[in-house]
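2 protein chains.
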Amino acid sequence: MYFKEKADIFGGVTVSSTDLQPSQKEKDMFREIMSKSLDHWRSRKVKGVWVKVNIADSDIIPVLVENGFEFHHTQPNYLMMTKWLPDTPSTLPRYAHTMIGVGGLVIDEEGRVLLMRERRGYYLGWKFPGGASDPGESIFDTAAREVLEETGVRAVGKALLCLRQINVSQYENVGDLFFVCLMDVINPEIKPCPRETAACRWFTREELENLPEEEFHEFHREIMRRYDTWKKSGRRGCHMASCHFTSRKCQMYYID
Amino acid sequence: MYFKEKADIFGGVTVSSTDLQPSQKEKDMFREIMSKSLDHWRSRKVKGVWVKVNIADSDIIPVLVENGFEFHHTQPNYLMMTKWLPDTPSTLPRYAHTMIGVGGLVIDEEGRVLLMRERRGYYLGWKFPGGASDPGESIFDTAAREVLEETGVRAVGKALLCLRQINVSQYENVGDLFFVCLMDVINPEIKPCPRETAACRWFTREELENLPEEEFHEFHREIMRRYDTWKKSGRRGCHMASCHFTSRKCQMYYID
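Chains as they are written, first to last, in the UniProt record's numbering: chain D, 1 to 256; chain C, 1 to 256.
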């Protein structure tokens, strides 16, 4: 008796704990079937074994650890564990290890710039509103949502001005990509979020220049210089185009 | 008796299983201390509780599940579980949920384009060499490594031509960002990787135009048109600059 499995095109198999009978999830029975299944997979030259453990079935996790499985990734309600069977190095694909953040550079018709201060965090000076993207969001969508949440201002993405890649983030072995997104204002009225935003306002360029370094970081000043260069060029910059190359929802950002 | 904890600036605490005494990791004892610790944290208005479970301590995972902890993220050797204590919606930061891939557009002095075919995968036509980035790699580093691994050709990143964002990937709720990186050839000699590469060669533009649609996808043809536009413009495009805004290793990509 072996586990019910699903094969993939890369020579691997996946077992889902939700497909197992209650008796198969009892620790001793699970241990016994796993031992037989591993022999069976090895004899069939299976490469990677994936076991998706529903959070309700967490009792089987220690048995998977005993059998040499490693943690691969999670979602709130399941843990994926993997084991590579051949003697060659593992070619199992890695899970996501990059955080995506977007800052909105929102400038009104008079050339004033929207800035905010976080209530908590490592940098508490003035900064462009923005934050981390949610799953499924386009870069422009993240910019619009975060600017709205933090400042109340409605704005839409127009072009990406630059991107910054940092190789460390708050999580081990996880990097961070931060996009600066130029935005057009739809409604300039400020209604800051009291939980996140300590302060929020429109600044003239002169006011920005008079802020001390610790209140407005050199990174933000450089962005303003890059904005001026972009504006003077009259170019579109890195704009979004709808994408017709796949049936899945997709955005192309072309650099013109 | 409570768990040893570390406080963060966002009102949360972290407990690491590697800091616990062996007796505290025994299931019944762990259950008892967790119950007292949760009361203690609630009375102190702690917000998020993070428990980092070393893989050797996986026996405590079912007890954390009993106590309402969810899976947050993993690395191969640990599982991070979290619980939000207040009645308000959780503001615990999400883990990374974006895959980063890079394709290298390598064109030699005669204008020939380097293409390869995968041995396994969903698209088996000709494509630009490239692949998923490793943790800690810059976008240009990924392009250089993947082109070398898949084709043997040595090339270095010069500019990003475009990026594509797809909201789904091989993992649930995980998106995919794909950068097309223009590269300069350092050594054009082809030595394809037998495990990954089914075929690899330099194509003249005429040969590319004569490939049928199923052998050379419209996405790749569009990239070639964008390359021609970029080349004619004489502009630098989205190039990398060293970044001096943080003490952490960092790259800026400016769009000029």
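Keep in mind that a hint or two might mislead.
Taking lysine to any residue pairs in the SDA-like style, the calculated list, with each CA pair at most 25 Å apart, reads [to be verified]: (1) D:LYS52 <-> C:PRO93; (2) C:LYS158 <-> D:VAL168; (3) C:LYS25 <-> D:GLU26.
If you anchor each label on the Cβ, the simulated ranges turn out as follows [said to hold, decoys possible]: (4) D:SER43 <-> C:ARG154: 38 to 46 Å; (5) C:LYS36 <-> D:ASN187: 35 to 43 Å; (6) C:GLU26 <-> D:ASN187: 35 to 43 Å; (7) C:LYS45 <-> D:CYS193: 19 to 27 Å; (8) C:LYS249 <-> D:MET29: 48 to 56 Å; (9) D:ASP184 <-> C:ASN77: 41 to 49 Å; (10) C:ILE190 <-> D:ASP28: 50 to 58 Å.
FYI, nobody ran anything at the bench for these hints, they're computed from the structure.
No residue lacks a Cβ here, since even glycine has one placed at the ideal position from N, Cα and C.
Hint by hint, here is what the structure shows:
no.: 1; hint: D:LYS52 <-> C:PRO93; result: holds (24 Å)
no.: 2; hint: C:LYS158 <-> D:VAL168; result: holds (23 Å)
no.: 3; hint: C:LYS25 <-> D:GLU26; result: holds (22 Å)
no.: 4; hint: D:SER43 <-> C:ARG154: 38 to 46 Å; result: holds (41 Å)
no.: 5; hint: C:LYS36 <-> D:ASN187: 35 to 43 Å; result: violated (50 Å)
no.: 6; hint: C:GLU26 <-> D:ASN187: 35 to 43 Å; result: violated (58 Å)
no.: 7; hint: C:LYS45 <-> D:CYS193: 19 to 27 Å; result: holds (20 Å)
no.: 8; hint: C:LYS249 <-> D:MET29: 48 to 56 Å; result: holds (49 Å)
no.: 9; hint: D:ASP184 <-> C:ASN77: 41 to 49 Å; result: holds (47 Å)
no.: 10; hint: C:ILE190 <-> D:ASP28: 50 to 58 Å; result: holds (55 Å)
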